[in-house]
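Number of protein chains: 2
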Amino acid sequence: MEHKRPSAARTWVEVPSDSDFPIQNLPFGIGQRSGELPKVCTAIGNYVADLSVLAEHGFFDDLLVPRPVFHQAVLNDFIALGKEKTRAVRTRIAQILDDDLEEWDASELRDFFLFPQTEVEMLLPLHIGDYTDFYSSLEHASNVGAMFRDPQNPLLPNWRHLPVAYHGRASSIVVSGTPIRRPQGQTLPEGQHLPVFGPTRMLDFELETAFVVGKPTASGERVSTEQAEEYLFGMVLFNDWSARDIQKWEYVPLGPFLSKNFASTISPWVVTLDALEPFRTAGPLQAPEVLPYLRFDGEKALTSTWKPIFAPQMAWSTSLAVPISATCTGTCASNSPTIPSMAAISGWATCAHPGRSAEPLRIRLGRCWN
Amino acid sequence: MEHKRPSAARTWVEVPSDSDFPIQNLPFGIGQRSGELPKVCTAIGNYVADLSVLAEHGFFDDLLVPRPVFHQAVLNDFIALGKEKTRAVRTRIAQILDDDLEEWDASELRDFFLFPQTEVEMLLPLHIGDYTDFYSSLEHASNVGAMFRDPQNPLLPNWRHLPVAYHGRASSIVVSGTPIRRPQGQTLPEGQHLPVFGPTRMLDFELETAFVVGKPTASGERVSTEQAEEYLFGMVLFNDWSARDIQKWEYVPLGPFLSKNFASTISPWVVTLDALEPFRTAGPLQAPEVLPYLRFDGEKALTSTWKPIFAPQMAWSTSLAVPISATCTGTCASNSPTIPSMAAISGWATCAHPGRSAEPLRIRLGRCWN
Chain A
0 MEHKRPSAAR TWVEVPSDSD FPIQNLPFGI GQRSGELPKV CTAIGNYVAD
50 LSVLAEHGFF DDLLVPRPVF HQAVLNDFIA LGKEKTRAVR TRIAQILDDD
100 LEEWDASELR DFFLFPQTEV EMLLPLHIGD YTDFYSSLEH ASNVGAMFRD
150 PQNPLLPNWR HLPVAYHGRA SSIVVSGTPI RRPQGQTLPE GQHLPVFGPT
200 RMLDFELETA FVVGKPTASG ERVSTEQAEE YLFGMVLFND WSARDIQKWE
250 YVPLGPFLSK NFASTISPWV VTLDALEPFR TAGPLQAPEV LPYLRFDGEK
300 ALTSTWKPIF APQMAWSTSL AVPISATCTG TCASNSPTIP SMAAISGWAT
350 CAHPGRSAEP LRIRLGRCWN
Chain B
0 MEHKRPSAAR TWVEVPSDSD FPIQNLPFGI GQRSGELPKV CTAIGNYVAD
50 LSVLAEHGFF DDLLVPRPVF HQAVLNDFIA LGKEKTRAVR TRIAQILDDD
100 LEEWDASELR DFFLFPQTEV EMLLPLHIGD YTDFYSSLEH ASNVGAMFRD
150 PQNPLLPNWR HLPVAYHGRA SSIVVSGTPI RRPQGQTLPE GQHLPVFGPT
200 RMLDFELETA FVVGKPTASG ERVSTEQAEE YLFGMVLFND WSARDIQKWE
250 YVPLGPFLSK NFASTISPWV VTLDALEPFR TAGPLQAPEV LPYLRFDGEK
300 ALTSTWKPIF APQMAWSTSL AVPISATCTG TCASNSPTIP SMAAISGWAT
350 CAHPGRSAEP LRIRLGRCWN
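Protein sequences, first through last, are from chains A and B. Residue numbering for the first sequence follows numbering that gives the first Met the number 0, beginning at 0 and increasing consecutively. Residue numbering for the second sequence follows numbering that gives the first Met the number 0, beginning at 0 and increasing consecutively.
Calculated from the structure, these hints are not laboratory results. In this text, a Cβ means the ideal position worked out from N, Cα and C, and glycines have one as well. Incorrect hints may have been included.
[To be verified] If you only want the chain A side, here are some residues facing chain B, beta carbon under 10 Å, derived:
{"#": "1", "residue": "P150"}
{"#": "2", "residue": "N152"}
{"#": "3", "residue": "P156"}
{"#": "4", "residue": "N157"}
{"#": "5", "residue": "H160"}
{"#": "6", "residue": "S171"}
{"#": "7", "residue": "P178"}
{"#": "8", "residue": "Q185"}
{"#": "9", "residue": "P188"}
{"#": "10", "residue": "G190"}
{"#": "11", "residue": "E220"}
{"#": "12", "residue": "P252"}
{"#": "13", "residue": "L257"}
{"#": "14", "residue": "K259"}
{"#": "15", "residue": "F278"}
{"#": "16", "residue": "F295"}
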């Protein structure tokens, strides 16, 4: 928690005051300019910074980061360097862009590595090995439970005791902006006993956040809630597209399948946990108290102000400790060193403070269902 | 169905009469001898045949298959050649091993490419991109439904209309013989209202078969039941390890998670669909009739005599048409060209003919639960 307050650093790059990409963010992604190969990039203001250019000018050589790692089509090799190295790269980028530091000034190179966002296509930033969707917010789980089962008893008995989750289809994850074809499948029309086949009439989404798990675990290895953060490289926004009519008919007893695996969309930028340090908070109190293996000390949730897509000033929070630790309780392997997995946090983004804001799932349902 | 009857070919390699590996099988796998790199191999009798040696002697050059494809640690690049090429390679191997053919005789090379099975470690043969578990046998689904829910109504209403399935964790798939650590997790003791944490006391398995899907589909692309076989490279045996006490508590409403993702075991040898041609059969009749998109013509099931692990002469059958087609109904992407996915067929192996044989799940449960 060394960076509890956002740094006061300023950059020599012009950054609009409402930008998502001040010098305090510096996320990682994969960008491609017309006629060029994909490169590892960061974002600053309205610009995409090509880190391969900085690497070729030697700006990362003293960090002992090999230059080819910035000439890749996914971030996997970069993330596999480990958090110590990737943190050092991000700190160096901040030095390069800092208005006050002369030692690492690259402003004379700006035309060679800074490109307007409009000139750079952002690609799917990761080859994702596995993906888990956690059913994580009380309000979201209650809403969905009421919709699919019993409005009087929307939560099943296990929900307050363990993080309910299921595996999604990793190969169906696409980058924001990718066209999605409306899925087809079986549905059971209201009041009928025989299903019909056709395109979904209840295409929905869930606005989520997802962790990028960048440090591998071996089969049988356990990760405590204390250790969990070491395994998390960063976060993305995650749109869990859902065909609710298909889901309602297919999901018993083994969970969602075709209703979810036609596509899930992630943001092209992976925001590091370091950048999110100033947003730590205590998170909601869990009641009843969970079993010891799920408990943790300290501020392990994140809070921020969501951009007003549907509801202004909607707050969200997400636990840093539980998902990876819960996944590695049962001794499940978390993929090979160079293949990150992803844990999406269902509903935290959509409804942490129902008293203060409308519930996007509900708003969206009202607009789109049928 | 050109190979409807097994060929009468004989090999110059000695093959015990009860061998799983006559010249009619010729599966593909990855073998590694002590001090050597992994190689693409086939099996004949009690021998493992190193195909990289045959490749380096030029036996596959006229098929325009690049030699490096046999020097890999997984079959992915080999499978990505496409079924036309991999079929030609298998036909050539049969020519090389055939007792009657002189043109491709490699018997003088035997000491350089044939090694006793005991001298070769068989590795996980695939890097698997995604994995789906289908809940596919009436008897199996009825048994499990009775165990977890209502013995009077074990089948849920959707079961007879669509192939119920869920996504598993691809990175948890290991090769036969890999030690498995007993998983831990939450369970709800009988008659209690609060869960406890600890090692599973109901470790179970499901003896399944799984398809290796070797031809990619794009997001939004649909595959009909007629086209489905083009996408299937071959089959493996599949052990779907299950912690039933953890599963019973965690699986509602989103399906199994930690109860299944600690490990699934596959056989090291991938048996091609070509080798299975003589075992085509009509398969069980589905009632009521399914919706048109799931119907198919012809013999799309497989039958064979299972080795008597628990029950002698247990027959099994598996549909070739439905799983891949069902997966690609909803427009889900089936991974990138070089990364096969896997579709396991739950229960077909365990209980196709309950009148003729005991039900392994039940036998195993009787032995291992608690």
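Against the structure, test the hints numbered earlier, and report the numbers of the ones violated in rising order. Going through the list in order, the structure violates hints 1, 2, 9, 10, 15 and 16 and respects the others.
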